[in-house]
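Chain by chain, the residues run as shown.
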Amino acid sequence: MADFRMPSLGADMEEGTVLEWLVHPGDTVHKGDVVAVVDTAKAAVEVETFVEGVVTELLVDVGSKVPVGTPLARIADHQHAAPPKTAVTPEPPEHAVPPEPPERQRPPEHPVTPLIRTLAAELGVDLASVTGTGAHGRITRRDVQRAAAASAQTPVAVAEAPPTTPEPSRRPVTPYARRLARELGVDLSTVVVDDVIDADDVRRAAARPATSPPPEPAIRPAPAAAPRPATEPPSAPAGRPGDSHDRMRETIGRLMARSKREIPHYYLSTTVDLAQARGWMQERNRDLPVGERLVLASLMLKATALAVRKHPQLNGFWVDDAFVPGTGVHLGVAISLRGGGLVAPAIHDADRLGVDELMSAMRDLVTRARAGRLRGTEMSDPTLTVTNLGDQGVESVHGVIYPPQVALVGFGRVVERPWAVDGMLAVRPVVSLTLAADHRATDGFSGGRLLATIDQLLQRPEEL
Amino acid sequence: MSQILTDEQARDAVTAAVLRIVPDAEIDTLDDDEPIRDAFELDSMDFLSFVELLSDGSGARIDEEDYPRLTTMADCVEFLTHRSA
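Here the protein sequences line up with chains A and B, keeping their order. Residue numbers for the first sequence follow numbering that gives the first Met the number 0, so the first one is 0 and each next one is one higher. Residue numbers for the second sequence follow numbering that gives the first Met the number 0, so the first one is 0 and each next one is one higher.
Hints were generated in silico from the structure; no laboratory data involved. Watch out, some of these pointers could steer you wrong.
Claimed, not checked - Label pairs and their calculated CB-CB ranges:
id, chain 1, residue 1, chain 2, residue 2, range
1, B, 68, A, 309, 34 to 44 Å
2, A, 282, B, 67, 14 to 24 Å
3, B, 15, A, 394, 28 to 38 Å
4, B, 15, A, 130, 19 to 29 Å
5, A, 66, B, 11, 42 to 52 Å
6, B, 68, A, 66, 53 to 63 Å
7, A, 171, B, 11, 15 to 25 Å
8, B, 68, A, 268, 29 to 39 Å
9, B, 31, A, 282, 33 to 43 Å
10, B, 37, A, 309, 33 to 43 Å
11, A, 319, B, 63, 40 to 50 Å
12, A, 132, B, 31, 18 to 28 Å
13, B, 67, A, 149, 36 to 46 Å
From a predicted model like this one, the values you see are computed outputs, not experimental measurements. All residues carry an ideal CB built from backbone N, CA and C; glycine is no exception.
Sequences and hints are given; from them, build the entire structure.
Below is the structure:
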């Protein structure tokens with residue numbers, strides 16, 4: 000008989016909320032099986048059990064927030080399994096989705112996800128009455144919010160709207176305008192035009208004195224996540240305590256503040272010529288179907304994984320004034336979430352995966368991170384994190400280490416630059432490669448050697 | 000065995016691909032000349048998924064060199080209606 004407890008899924012996690020049980024009393028579980036979905040302040044994560052046996056009792060209700068370490072379920076040895084007893088009766092999950100195998104990934108399709116269900120519960124919406132307007136009839140966050148607004152009978156921001164539109168505030172908005180509105184803090188329901196709201200309308204609205212504060216809809220790293228919907232009625236939940244997006248930012252903020260406060264960072268940077276790597280990759284991609292092609296990021300990750308194996312003092316944790324080496328090279332990959340927020344889950348044993356397996360694992364991780372389906376071990380295990388902001392147009396990254404790790408490797412954008420080759424001028428695709436490291440664990444010499452090794456490995460991509 | 004897509008079919012293929020990646024995407028309001036990656040904040044992984052879905056959905060072969068020709072809806076339609084399966 001053993002307890003399955005609320006795991007710690009990150010350095011600053013103190014408590015978590017059970018969002019969904021994926022097992023019932025009477026089910027047999029094996030080591031590594033996913034048994035529940037837990038909401039930390041940063042993301043919803045699938046947690047695995049390391050205890051084998053038969054689930055006899057679920058101790059915590061869906062929706063309860065409990066401290067890390069709290070027993071969540073009782074698991075008995077097969078021989079000693081008593082007849083299953085439910086102390087609490089969680090609703091059987093309507094759509095218990097098993098974790099997807101790390102093959103070629105497509106975005107997952109679920110009629111209702113746990114996050115949507117929780118949002119509906121918070122807003123008092125009966126999902127059975129909601130029509131899904133998303134792809135394939137799925138219920139989106141906006142569907143739930145619209146249903147909540149409809150039942151709240153809030154006066155909608157109306158103006159001289161065209162009579163043909165039944166709900167005046169549902170004026171269409173171009174995607175760019177929506178993003179601009181978010182950045183400028185413009186409440187789109189107050190923007191009055193006859194047709195489609197575009198970027199100029201938003202800019203004009205931003206220049207006006209604000210009549211009411213822009214509403215803060217509850218944003219979660221949900222599967223249907225996109226820039227905030229335009230149709231937020233003014234009295235929709237505005238900055239409610241426990242608002243997921245705010246909580247995530249708060250948690251990230253605390254972690255980053257702690258990192259800067261406690262970790263004496265040093266920074267190194269170098270520039271890597273990627274002509275060989277890119278040429279090799281393009282040649283290889285030519286013969287591959289789209290789903291199997293590589294991106295440069297996969298080569299960068301592999302090179303980093305192999306390099307840190309040769310410099311293990313940068314692969315591990317600083318705990319109680321001492322360095323603890325990682326059990327393997329579990330590379331954390333920084334992934335941005337739609338709607339804001341950042342997670343850096345691990346690819347386990349990245350040094351042992353082939354480049355195409357690494358690519359596959361990376362795509363799978365990104366998909367699941369954005370869908371809120373990461374696993375507990377992915378959150379707690381990274382031994383070194385790599386961040387790649389190249390897509391954002393950033394040339395070089397000087398990052399903040401995720402405690403208790405001791406290093407962060409950063410790749411910027413690949414750019415064409417003049418380069419000296421054999422005493423002559425050439426143009427090469429180059430990338431800025433940086434290291435932020437904990438000066439308690441290593442010094443510039445070791446850090447410099449790590450970067451040099453990554454560079455060397457990227458010059459021989461066929462050996463990655 | 001080659002099948003040329005109509006404009007309509009090409010548009011549908013692009014729409015379907017975007018919606019699979021960003022289910023909430025307001026693709027009806029996308030300008031034909033608006034860069035798709037910017038409009039829907041697709042990073043390089045998303046773009047790869049987009050190309051894959053587009054290729055599967057339209058039956059067209061898409062090489063890496065073709066990626067720059069898939070910037071806007073107009074570009075995509077132009078490309079897909081001239082590239083057969």
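Status of the hints after comparison with the structure:
The hinted range of 34 to 44 Å is satisfied by residue 68/B and residue 309/A, whose Cβ atoms lie roughly 42 Å apart. A hinted range of 14 to 24 Å for the beta carbons of residue 282/A and residue 67/B is consistent with their spacing of about 19 Å. Between residue 15/B and residue 394/A the beta carbon distance is about 35 Å. The supplied range of 28 to 38 Å therefore holds. At about 20 Å, the CB distance of residue 15/B to residue 130/A agrees with the hint of 19 to 29 Å.
For the hinted restraint 42 to 52 Å between residue 66/A and residue 11/B, the CB-CB distance of approximately 51 Å keeps it satisfied. Here the CB-CB span from residue 68/B to residue 66/A is close to 54 Å, well matched to the stated 53 to 63 Å. Between residue 171/A and residue 11/B, the C-beta spacing of about 19 Å keeps the proposed range 15 to 25 Å intact. Checked against the hint of 29 to 39 Å, the C-beta distance between residue 68/B and residue 268/A comes to roughly 35 Å, which is consistent with it.
In this structure the hint that residue 31/B and residue 282/A lie 33 to 43 Å apart at CB holds, the actual value being about 34 Å. Judged by the Cβ atoms, the range 33 to 43 Å given for residue 37/B and residue 309/A holds: they are separated by roughly 40 Å. For the pair residue 319/A and residue 63/B, the beta carbons lie near 49 Å from each other, so the given range of 40 to 50 Å is met. Distance hint check for residue 132/A and residue 31/B: the Cβ-Cβ separation is about 24 Å, which falls inside the suggested range of 18 to 28 Å.
Distance hint check for residue 67/B and residue 149/A: the Cβ-Cβ separation is about 44 Å, which falls inside the suggested range of 36 to 46 Å.
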